[in-house]
Structure formats: C-alpha cells, structure tokens
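Student: Listed in order, the protein sequences are those of chains A and B.
Numbering follows the numbering used here, with no gaps: position 72 of the first sequence is 72.
Count along the second sequence from 1, add 1000, and you get the number used in the numbering used here.
No lab work stands behind these hints, which were simulated from the structure alone.
Here the structure is a predicted model, which is why all the values come from computation and not from measurement.
Treat the hints with caution; some may be incorrect.
Going by beta-carbon spacing under 10 Å, a handful of chain A positions derived as facing chain B [to be verified]: (1) T6; (2) I8; (3) F12; (4) V68; (5) L70; (6) M74; (7) L78; (8) V79; (9) V87; (10) D93; (11) L94; (12) R96; (13) E98; (14) T118; (15) M119.
Derived, one-sided and incomplete: chain B residues facing chain A with beta-carbon distance under 8 Å [stated by the list, open to error]: (16) G1055; (17) N1061; (18) V1156.
Built from N, CA and C at the ideal position, the CB exists for glycine as well.
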Amino acid sequence: MAGLKTIIVLSFILAIGFLLVILSAALYKNFLTLLVVATYVIAPIPNWLCGRASSQDDFMDSGSSSIVELGRFMTGFLVVMGVALPVVLAHCDLIRPEAMIMSIIGGLLIYSTIISFTMFFHQEEEF
Amino acid sequence: MADISGHRLFKFPKPQWMNSANTRTAGVYAAGALFSIALFVFIDAATFSKSHLNGSDFHVNFVDWIPGIFSVLGMLVINSIDKSRLSADNFSYSGDGVAWKARVVLFMGFAAMAGGLAGGVTVLVLKYYVREASWPALWFGVGNVVANALIMLSSVVLWVSQNMEDDYTYNLAL
C-alpha cells in the first residue's frame, strides 16, 4: 500500500535532516550538536523493546502492562531530550544559536522520518 | 451509561475523553516529557554555572543536587507501587496488612517528593536570595525550584493516567 513514492520522499526527508544536523556541526566547527542524532536514533528503541517484551500477554493485559508504559515514558523523555539538549548547549554558549535552530529542525525531521517509516511499514511485518 | 452516572457525586460528569486509551497513552508520554524538561533545567543550571557566562562567585555544588535526587527517589517509589494493593484490605485473599504496608511506602514516597520541593526552595532562599545573588546567578536557585516542581507535576500526570487505566478497564468489564 505504501509505495515506492513514500520511500523516496522519506529518504529525502531523512537526508535533509542529516544534512541540517551535520551542517550545524561543521559550519561552526563545533561537533556537540551531533548528539541530537544519537538521541533521536535511540528514541524509538524503548518502545520496540518494551512492546516486544509484553507481547506474550493475553488480551486482557494488553494496553495495561506497566512495562509498555515504562517504554512510553522513556520515549517521551528521549524525544524532549533531543529538543532540550541544543537549547541547553546554546544557552550556555557552547554552540551558536543558529546551530541550535538547525540541529533542532534536523533532529525533528529525522525523528518524524523514523516514526512515519514504522507507521507505513508496520502492517507488512506481521505477514 | 445512565445507570453509572446515577452514582456520581458531582454535578458535571467526567468528560468522555478522560477514559479513552489514547488519553492514557498521551498522559504517559507527557509525563516523560515533563520529567525530561525537569532534568534539563537542572543540567542547564549546572552547565551555566560552569560556563564563562557566569561571572559571579556563585556556583552549583552537590548541595543543589540533593533536592532533585530526593524528588526523583520519591517519584520512583510512588510509581513503583501497584495501585491495586492500596485497597487490598477490602478483599480477603491478600495477606494481613498489605494495604497498610503499601500506604507506608507511599507516604515515604510523597514525603521524599515534598521534601525535594521544600529543599529546592530552601536552597533558593538560603544559598542565593539571602546572599543577594543577581539574576544570572539567581537562575541556579530558581531553576532548582522549577525542576523540582516539574518532577512533581510529571509524577502527578503519571499517577492520574495510571488511575485512568483502571476506570477504563472497569468500563470495559461492564
């Protein structure tokens, strides 16, 4: 259902996101903003692990398992961390404000690509 | 739905979206987001104290971290407790005093969290306000209070969304 066009558009968005983050690091000779990429790559992992850990439960326990909620808590933590980290770095004058804006936009693009990729191709894994 | 609303206490009914599973999920995500903001307010104060922008004599020591550590410990304790154990004495299958033990542990969690917030205010007043810190250094104390309040808010959101789950399963069982 999700065709070739979706893959191409998503890969373009991912490339633009990486371009913005790398440019924000290399343009100002300050590579602290690359931490944003690591944060957003790690961000979906707790949901995957905790969802896999609770999938053996029966129907009545689905959705109310507390390990799934732990995974969601950590995902929310990591997503906000990806925005808060450049803001803290810029506030303490470790990076420039322009680098902060570019790395935040680039990080959000990377994360939205990961999320929409898993949303588009989630059904095909089950077959 | 009408027979349920006959038992309620207040004039206005609880809105319908409060019981949906999506609201519960969003509540857990929001709790994580609030906790992240709190932690980074702490880290911002500590980093700003170490950076060259801080020209004053005030610095963030270990003393500033103690209220935050207590708040985080209280949040861990509160949210580790199984909520169904709080009313376990109403049923006969549980052992003696499970609900009593759960309430004692919960009280210690709430005490640690309230102590964290009070300790944040104490650090703000005693370490910064009394010694007449001006604004960039005053942020260390204000950020401490803000971070502790955000940890408390995150814990409240998590608690409410976990209790929402019980109502949801209750409605499902009906």
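Student: Determine for every hint whether it applies to the structure shown.
Tutor: Hint by hint, here is what the structure shows:
{"no.": "1", "hint": "T6", "result": "25 Å, violated"}
{"no.": "2", "hint": "I8", "result": "30 Å, violated"}
{"no.": "3", "hint": "F12", "result": "28 Å, violated"}
{"no.": "4", "hint": "V68", "result": "9 Å, holds"}
{"no.": "5", "hint": "L70", "result": "9 Å, holds"}
{"no.": "6", "hint": "M74", "result": "6 Å, holds"}
{"no.": "7", "hint": "L78", "result": "8 Å, holds"}
{"no.": "8", "hint": "V79", "result": "7 Å, holds"}
{"no.": "9", "hint": "V87", "result": "8 Å, holds"}
{"no.": "10", "hint": "D93", "result": "6 Å, holds"}
{"no.": "11", "hint": "L94", "result": "7 Å, holds"}
{"no.": "12", "hint": "R96", "result": "14 Å, violated"}
{"no.": "13", "hint": "E98", "result": "18 Å, violated"}
{"no.": "14", "hint": "T118", "result": "16 Å, violated"}
{"no.": "15", "hint": "M119", "result": "15 Å, violated"}
{"no.": "16", "hint": "G1055", "result": "12 Å, violated"}
{"no.": "17", "hint": "N1061", "result": "17 Å, violated"}
{"no.": "18", "hint": "V1156", "result": "14 Å, violated"}
Going down the numbered hints, you'll see the structure goes against 1, 2, 3, 12, 13, 14, 15, 16, 17, 18, while the others check out.
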